[in-house]
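Peer 1: Take each chain as given, in its own frame, and dock them per the hints.
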Amino acid sequence: MNAETLSKIRIVVFGLAGLVCASYSVLALMGNTPRPFSPWLPGASGFAAGLVMWLSAISAGPRVAGMAHDELFWVEWGQAVKFSYWFSIALYPLFGIFMALGWIEPSTSIAAMGTAAGAAPMLAYCILNLRS
Amino acid sequence: MAELHNTLKAHRTDKGFTQASLAEAVGVSRKSINTIENRVFTPSTLLALQIAHALDCSVHDIFYVKDD
Numbered sequence: 003m004n005a006e007t008l009s010k011i012r013i014v015v016f017g018l019a020g021l022v023c024a025s026y027s028v029l030a031l032m033g034n035t036p037r038p039f040s041p042w043l044p045g046a047s048g049f050a051a052g053l054v055m056w057l058s059a060i061s062a063g064p065r066v067a068g069m070a071h072d073e074l075f076w077v078e079w080g081q082a083v084k085f086s087y088w089f090s091i092a093l094y095p096l097f098g099i100f101m102a103l104g105w106i107e108p109s110t111s112i113a114a115m116g117t118a119a120g121a122a123p124m125l126a127y128c129i130l131n132l133r134s
Numbered sequence: 006m007a008e009l010h011n012t013l014k015a016h017r018t019d020k021g022f023t024q025a026s027l028a029e030a031v032g033v034s035r036k037s038i039n040t041i042e043n044r045v046f047t048p049s050t051l052l053a054l055q056i057a058h059a060l061d062c063s064v065h066d067i068f069y070v071k072d073d
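First to last, the protein sequences are chains V and Z. The number in our numbering is simply the position in the first sequence, starting from 1, with 2 added. The number in our numbering is simply the position in the second sequence, starting from 1, with 5 added.
Note that these hints are calculated values from the structure, not bench results. All figures in this text were calculated on a predicted structure; none of them were measured in a lab. Glycine included, every Cβ here is placed at the ideal spot set by N, Cα and C. Check the hints yourself; a few may be wrong.
With a cut-off of at most 30 Å between alpha-carbon atoms, the simulated BS3-like pairs for lysine-lysine come out as follows [as the list claims (entries may be wrong)]:
| no. | chain 1 | residue 1 | chain 2 | residue 2 |
| --- | --- | --- | --- | --- |
| 1 | V | Lys84 | V | Lys10 |
| 2 | Z | Lys71 | Z | Lys14 |
| 3 | Z | Lys14 | V | Lys10 |
| 4 | V | Lys10 | Z | Lys20 |
| 5 | Z | Lys71 | Z | Lys20 |
What follows is a set of in silico ranges between Cβ atoms, one per label pair, in the way DEER data are often shown [as the list claims (entries may be wrong)]:
| no. | chain 1 | residue 1 | chain 2 | residue 2 | range |
| --- | --- | --- | --- | --- | --- |
| 6 | V | Ser134 | Z | His58 | 21 to 29 Å |
| 7 | Z | Val70 | V | Phe49 | 44 to 52 Å |
| 8 | V | Ala46 | Z | Ala25 | 16 to 24 Å |
| 9 | V | Ala92 | Z | Ala7 | 32 to 40 Å |
| 10 | V | Ser40 | Z | Thr47 | 42 to 50 Å |
Far from chain V, some chain Z residues (derived; all Cβ distances over 10 Å) [as the list claims (entries may be wrong)]:
| no. | residue |
| --- | --- |
| 11 | Lys14 |
| 12 | Phe22 |
| 13 | Ser26 |
| 14 | Gly32 |
| 15 | Ser34 |
| 16 | Phe46 |
Here chain Z stands alone, though its shape is the one from the complex (with noise of 0.2 Å):
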């Protein structure tokens, strides 16, 4: 079953953004982006696309889907 992954932790570390100031950049709560990073949320697709926004990357670069 085909499964959504992401490397929203690397390259949210990787452009010096915490949890907490990503989640101030997009709008949302901490536990949004915390619960993204660890796939129990799966954010819509305007999230998603504000996330990349802010992280100055393609939603494709963050988010791709696995087969298991």
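With the rest of the complex left out, here is chain V (with noise of 0.2 Å):
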């Protein structure tokens, strides 16, 4: 396996982790209800997507993934996560307008901000390096 797989399946499992918690946080808001499916499943995916990446580096080896893990990974992962920081602070000003208009349930708003929160740096992760 070489760096370029190992990237590739890095983008596949955040992407995937990030819509399975976005969808979650969209489907909560959208029906007003905590448990739109399984509330397992954003968990489980977040936890997948972490075992996925470690076995495949570790398969790769030390060497290669460094190569995968350098200094543009580091660089887009902190962009991602700088802008997940500002976005899940944005959504209390938020959630607390819906709230208080009464549109949703604050056990919605715990799961739907939660989720989005999670799905964040994941799904920014994935557009800032698929823009570079």
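Peer 2: Quick look at the structure:
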């Protein structure tokens, strides 16, 4: 396995886990329910993504894993995390307004905000990486 | 405003490196080399020195500042 393959695996697993979390958040909001589908799925997809990346890196070896996690990766990941930080903070006043207007229940807010915050760095990284 | 430019592609091809082989030589992904050549990504001092070393030239031969 080379660094290119490892990078592609990373994009795919981040993308899939991010989409599961984002779907959970959007469906929770749309249905005003804290359980639009199994609440284990977002966490399990994140754990599976980490496991796949870890196993891929182990099988590729330390040199190839290092090449795939080079400084470009850390710069893009840093930008994704920075964006996600402010995105997650912005969710608080936004959902506060939704709750004040009576559009959603507090339990729905927690589910939607939590999964949106989880999806943000993974999807932001995918977008940044695919754009560069 | 001063901007960092480079002649990495010319130096790389002169020395017979592909993006992938240069990436392998300095221990980064091919995409890093590609994004440096296209001025999307500015490498660290360490990576710039490693690239210059792999291409057997000075950092100043590859990277230069241009006032736009």
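Peer 1: With the threshold set at 30 Å, check whether the alpha-carbon distance from Lys84(V) to Lys10(V) stays at or below it.
Peer 2: holds, 22 Å
Peer 1: Verify the CB-CB distance for Val70(Z) and Phe49(V) against the hinted window 44 to 52 Å.
Peer 2: Holds, at about 46 Å.
Peer 1: Measure nothing beyond the straight line between the CA atoms of Lys10(V) and Lys20(Z); if it is 30 Å or shorter, mark the hint as holding.
Peer 2: With Cα atoms ~29 Å apart, Lys10(V) and Lys20(Z) stay inside 30 Å; holds.
Peer 1: May I ask you to check that Phe22(Z) keeps its beta-carbon over 10 Å from the closest beta-carbon of chain V?
Peer 2: holds, 15 Å
Peer 1: For the pair we were handed, Lys71(Z) and Lys14(Z), check the Cα-Cα distance against 30 Å.
Peer 2: Since the Cα atoms of Lys71(Z) and Lys14(Z) sit roughly 17 Å apart, the hinted pair holds (cutoff 30 Å).
Peer 1: Please verify that the nearest CB of chain V lies beyond 10 Å from Phe46(Z)'s CB.
Peer 2: The claim is violated: Phe46(Z) sits with its nearest Cβ about 5 Å from chain V, within 10 Å.
Peer 1: Test the statement that Ser26(Z) is away from the interface with chain V: the closest C-beta pair must be farther apart than 10 Å.
Peer 2: holds, 12 Å
Peer 1: Measuring from beta carbon to beta carbon, are Ala46(V) and Ala25(Z) in 16 to 24 Å?
Peer 2: Taking Cβ atoms as reference, Ala46(V) and Ala25(Z) lie about 36 Å apart, which means the hint is violated.
Peer 1: When you look at the beta carbon of Gly32(Z), is every beta carbon of chain V farther off than 10 Å?
Peer 2: Gly32(Z) is in fact no farther than 10 Å from some Cβ atom of chain V, at 6 Å.
Peer 1: So the hint says 21 to 29 Å: do the beta-carbon atoms of Ser134(V) and His58(Z) match that?
Peer 2: holds, 25 Å
Peer 1: Lys14(Z) clear of chain V by more than 10 Å, beta carbon to beta carbon?
Peer 2: Per Cβ check, Lys14(Z) is outside 10 Å of chain V; nearest 17 Å; holds.
Peer 1: For the pair supplied as a hint, Lys71(Z) and Lys20(Z), confirm whether the alpha-carbon distance does not exceed 30 Å.
Peer 2: Holds: Lys71(Z) and Lys20(Z) sit about 25 Å apart, inside 30 Å.
Violated hints, in rising order: 8, 14, 15 and 16; the structure is consistent with all others.
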